[in-house]
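Undergrad: Sequence:
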Amino acid sequence: MALLAEHLLKPLPADKQIETGPFLEAVSHLPPFFDCLGSPVFTPIKADISGNITVRTQYTHRGLNLPLAAAPQPKEGGGDRKDSWPSSTSSLQSWLLILA
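In this text, residue positions in the sequence shown follow the working numbering: the first is 429, and each later residue adds one.
Treat the hints as calculated values from the structure; they're not laboratory data.
A portion of the hints provided could be inaccurate.
What follows is a list of derived Cβ distance ranges for each label pair [said to hold, decoys possible]:
| id | residue 1 | residue 2 | range |
| --- | --- | --- | --- |
| 1 | Gln445 | Val469 | 15 to 23 Å |
| 2 | Pro468 | Ala442 | 34 to 42 Å |
| 3 | Asp463 | Val483 | 28 to 36 Å |
| 4 | Leu440 | Ile473 | 17 to 25 Å |
Glycine included, every Cβ here is placed at the ideal spot set by N, Cα and C.
Please model the entire structure based on the sequences and the hints provided.
TA: Listed below in structure tokens is the structure:
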């Protein structure tokens, strides 16, 4: 648990952007933690994190720069309506387009 806290509990920068490389490095310590919990409920989460680590490895191996992971921004003309924020799917698609 101390290893997780050492890597995950860092303050968010003022511009609310996180470098993808250090973020994926920090979460790379999570899959073994999910193994310790022993529940199959965490299998999809572990697979998702491991897939992102694979992406990072491919970028590093090719010598490419990783993009910044930015906080989602409200859509234009948005108010307090629920649909004024992008869905997690559209955020993921945006991130994947950056990687392509």
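Undergrad: All the hints need checking, so say for each whether the structure fits it.
TA: Now the hints, each set against the structure:
1. Gln445 / Val469: 15 to 23 Å: violated (31 Å)
2. Pro468 / Ala442: 34 to 42 Å: holds (40 Å)
3. Asp463 / Val483: 28 to 36 Å: Hint violated: Cβ distance 21 Å, outside 28 to 36 Å.
4. Leu440 / Ile473: 17 to 25 Å: Taking Cβ atoms as reference, Leu440 and Ile473 lie about 21 Å apart, which means the hint holds.
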